[in-house]
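Enquirer: Next come the chains, spelled out residue by residue.
2 protein chains.
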Amino acid sequence: MFGSINQQILLKSRPTGEPIEKDFALVETAIPELGQGEVLNRTIYLSLDPYMRGRMSDRESYADPVELGKVMVGSTVSQVVKSNHPLFSVGDFVLGYDGWQTYGIAKGETLRKIDPNQVPISYALGITGMPGMTAYFALLDVGQAKPGETVVVSAASGAVGAVAGQIAKIKGCRAVGVVGTDEKCDYIVNELGFDACINRKTKDLSSALKAACPNGIDVYVDNTAGPILEAVLQHINLGARIPLVGLISQYNAENPSYGPNLMPLLVKRALIKGFLVGDYQERQAEFINDVAQWLRAGKLKYKEDVVKGLEKAPQSFIGLLQGQNFGKLIIQVGDDPTQN
Amino acid sequence: MFGSINQQILLKSRPTGEPIEKDFALVETAIPELGQGEVLNRTIYLSLDPYMRGRMSDRESYADPVELGKVMVGSTVSQVVKSNHPLFSVGDFVLGYDGWQTYGIAKGETLRKIDPNQVPISYALGITGMPGMTAYFALLDVGQAKPGETVVVSAASGAVGAVAGQIAKIKGCRAVGVVGTDEKCDYIVNELGFDACINRKTKDLSSALKAACPNGIDVYVDNTAGPILEAVLQHINLGARIPLVGLISQYNAENPSYGPNLMPLLVKRALIKGFLVGDYQERQAEFINDVAQWLRAGKLKYKEDVVKGLEKAPQSFIGLLQGQNFGKLIIQVGDDPTQN
Numbered sequence: 001m002f003g004s005i006n007q008q009i010l011l012k013s014r015p016t017g018e019p020i021e022k023d024f025a026l027v028e029t030a031i032p033e034l035g036q037g038e039v040l041n042r043t044i045y046l047s048l049d050p051y052m053r054g055r056m057s058d059r060e061s062y063a064d065p066v067e068l069g070k071v072m073v074g075s076t077v078s079q080v081v082k083s084n085h086p087l088f089s090v091g092d093f094v095l096g097y098d099g100w101q102t103y104g105i106a107k108g109e110t111l112r113k114i115d116p117n118q119v120p121i122s123y124a125l126g127i128t129g130m131p132g133m134t135a136y137f138a139l140l141d142v143g144q145a146k147p148g149e150t151v152v153v154s155a156a157s158g159a160v161g162a163v164a165g166q167i168a169k170i171k172g173c174r175a176v177g178v179v180g181t182d183e184k185c186d187y188i189v190n191e192l193g194f195d196a197c198i199n200r201k202t203k204d205l206s207s208a209l210k211a212a213c214p215n216g217i218d219v220y221v222d223n224t225a226g227p228i229l230e231a232v233l234q235h236i237n238l239g240a241r242i243p244l245v246g247l248i249s250q251y252n253a254e255n256p257s258y259g260p261n262l263m264p265l266l267v268k269r270a271l272i273k274g275f276l277v278g279d280y281q282e283r284q285a286e287f288i289n290d291v292a293q294w295l296r297a298g299k300l301k302y303k304e305d306v307v308k309g310l311e312k313a314p315q316s317f318i319g320l321l322q323g324q325n326f327g328k329l330i331i332q333v334g335d336d337p338t339q340n
Numbered sequence: 001m002f003g004s005i006n007q008q009i010l011l012k013s014r015p016t017g018e019p020i021e022k023d024f025a026l027v028e029t030a031i032p033e034l035g036q037g038e039v040l041n042r043t044i045y046l047s048l049d050p051y052m053r054g055r056m057s058d059r060e061s062y063a064d065p066v067e068l069g070k071v072m073v074g075s076t077v078s079q080v081v082k083s084n085h086p087l088f089s090v091g092d093f094v095l096g097y098d099g100w101q102t103y104g105i106a107k108g109e110t111l112r113k114i115d116p117n118q119v120p121i122s123y124a125l126g127i128t129g130m131p132g133m134t135a136y137f138a139l140l141d142v143g144q145a146k147p148g149e150t151v152v153v154s155a156a157s158g159a160v161g162a163v164a165g166q167i168a169k170i171k172g173c174r175a176v177g178v179v180g181t182d183e184k185c186d187y188i189v190n191e192l193g194f195d196a197c198i199n200r201k202t203k204d205l206s207s208a209l210k211a212a213c214p215n216g217i218d219v220y221v222d223n224t225a226g227p228i229l230e231a232v233l234q235h236i237n238l239g240a241r242i243p244l245v246g247l248i249s250q251y252n253a254e255n256p257s258y259g260p261n262l263m264p265l266l267v268k269r270a271l272i273k274g275f276l277v278g279d280y281q282e283r284q285a286e287f288i289n290d291v292a293q294w295l296r297a298g299k300l301k302y303k304e305d306v307v308k309g310l311e312k313a314p315q316s317f318i319g320l321l322q323g324q325n326f327g328k329l330i331i332q333v334g335d336d337p338t339q340n
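Which chain is which? The protein sequence lines are A and B, in order.
The opening residue of the first sequence carries number 1 in UniProt numbering; numbering runs sequentially from there.
The opening residue of the second sequence carries number 1 in UniProt numbering; numbering runs sequentially from there.
These are calculated hints, taken from the structure and not from any lab test.
Among the hints, a few may not be true.
Chain copies aren't distinguished; within one or between two, either way the pair holds.
As the list claims (entries may be wrong) - Restricting the straight-line Cα-Cα distance to at most 25 Å, the calculated cross-link-like pairs of lysine to any residue (SDA-like) are: (1) K299 <-> G334; (2) K201 <-> P256; (3) K203 <-> N261; (4) K210 <-> A63; (5) K201 <-> N255; (6) K210 <-> R59.
Construct the complete structure from the given sequences, taking the supplied hints into account.
Expert: Structure below.
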């Protein structure tokens, strides 16, 4: 049923600036014996997310860095192949944090069972998982988006942004996305129903935002910081809320670059607040109930960018930080029996 | 009882960078006739505050700029010399917004009577007025300062900062001030009871903050932005709150300078929120009750930097933006009968 060889991608060196393929190493190791309460999983899908760039550096962050020579971390959807835990049986599908490898061993308590009959099992890495929950609480809890308000979302075709913009529409807001290509603009407006879209490579971001947001900006779900945040601040309304979800524009910076002038915050009595989805674990049910209902009703659409083969992970991750993916980036590491 | 000549200081030109004396013009005009419901006030004290720099520019802000050739705006404590309003009588002391002139005419509804028997009438421009109320709500409402937490205050010997730090102590916090001279450091620690102080001209602001805040920073009442904010962000705790009260470091900048890198906000899930005291008018009673009680109990100390003569206002204001004042800067424009 499974081999005894585990393919792993290790962090070989800490990147300076953009990661390169040589920062990673693909190795083969034996699968160790299972300990008490542990489960052996065969990885089917591995999520690649911008936050992983932070784990590659030894700067202080909300989580420890990956040690050199250790397996890169990441959320995974897997199938149980061996279990020493009473709650998990061979054949179960589970959401875990096994990282960049074909097999993972985890304590049963760290795994969550996935029902393969609801939505595709890979969705647990995206719209019904961490990125979707990030979008939901960033927009509604920190952002406090209200009907009639204007919501701007950066990285708007990505795993978090696409959900944030669609929920904004469901809540009666004007949703404006910022993305990196015209093709993505077309997608979020014509497929996802955003009201307007701006290509971030446009010459005058500030004027483009002004045109797209005739009533100003009330909420900005910020996945990028950098020049987009700076331009948004020129057009915020009184009492605007800016959940800072990510700083994709900064992740590869070797030295912290400067941020925006904060005068508009004072003038508009607006707030910027750092957001981490881990702070919302206790409110997961709210999110799951709403999103499952919206998915069933066809109000939420979801696009995955699935790349096959664990060995493609480094290159795909480097592209993710450059905005080359289109939709939620996922590596298909192994066979998905629910798709056969 | 009063002359018929009004001395006024007008905005003559919009400054580029730091204001200079030539941006102002001292003129003499006749006092016009009083209209219905209006009151003629003789200015005793004029408040000089950093926000006035914003009014000298025609950049968008929370209030309209002063028009060229018009009287500079500002809060005033005055005595009524003529009244067409039933609530005000000759001899009353009033808090108004008559600006940089020896006589002002105002609608009665815009004035507030001051009781000269409680605290010196000039306090209405400082600790019991707008700056004190700014300190109070920035620290307690946006800042949510709790016992045992560490509160950092910039411009800590100024009108807002000195009150914020003292209230932090009253609330059981560790209070750390940042000021521009060793003399001011000595004052806020030995007179006002701050736990520690940093001269902002120190070579390594970040290390000095780290030493002064061994448990990290929970609240930062930011009057300055600029390098102090940047250094503070290196040491904030999880869930830190930063009310952005002023950007003294930026007010003279001709072009907006960059702000701090915002990565620490994400890592620490911290917030920065623009603050304007005008948003708290309805909660003035809370503030007045607490501050009056603390003043009576000797828990709050207050230092004024009184400069005599309206003609000194431009030079004093220029110095204020450079941090040359020591305590709340007030121009004594006319005789104070309560001090005789």
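Enquirer: Does each hint hold? Answer for all of them.
Expert: Here's how the hints hold up against the structure:
1. Proximity of K299 and G334 under a CA criterion of 25 Å is satisfied in neither setting, with 30 Å inside one chain copy and 69 Å between copies.
2. Within a single copy, K201 and P256 get their C-alpha atoms as close as 22 Å, and across copies as close as 22 Å, so both meet the 25 Å cut-off.
3. Proximity of K203 to N261 under the C-alpha cut-off of 25 Å is found in both arrangements, the shortest distances being 20 Å within a copy and 23 Å between copies.
4. Taking the shortest Cα distances, K210 and A63 sit within 25 Å of each other only across copies (21 Å), while inside one copy they are farther apart (37 Å).
5. Taking the shortest alpha-carbon separations for K201 and N255, both the intra-copy value of 23 Å and the inter-copy value of 23 Å come in at or below 25 Å.
6. For a Cα distance limit of 25 Å, the shortest separation of K210 from R59 across copies, 17 Å, qualifies, whereas the shortest one inside one copy, 36 Å, does not.
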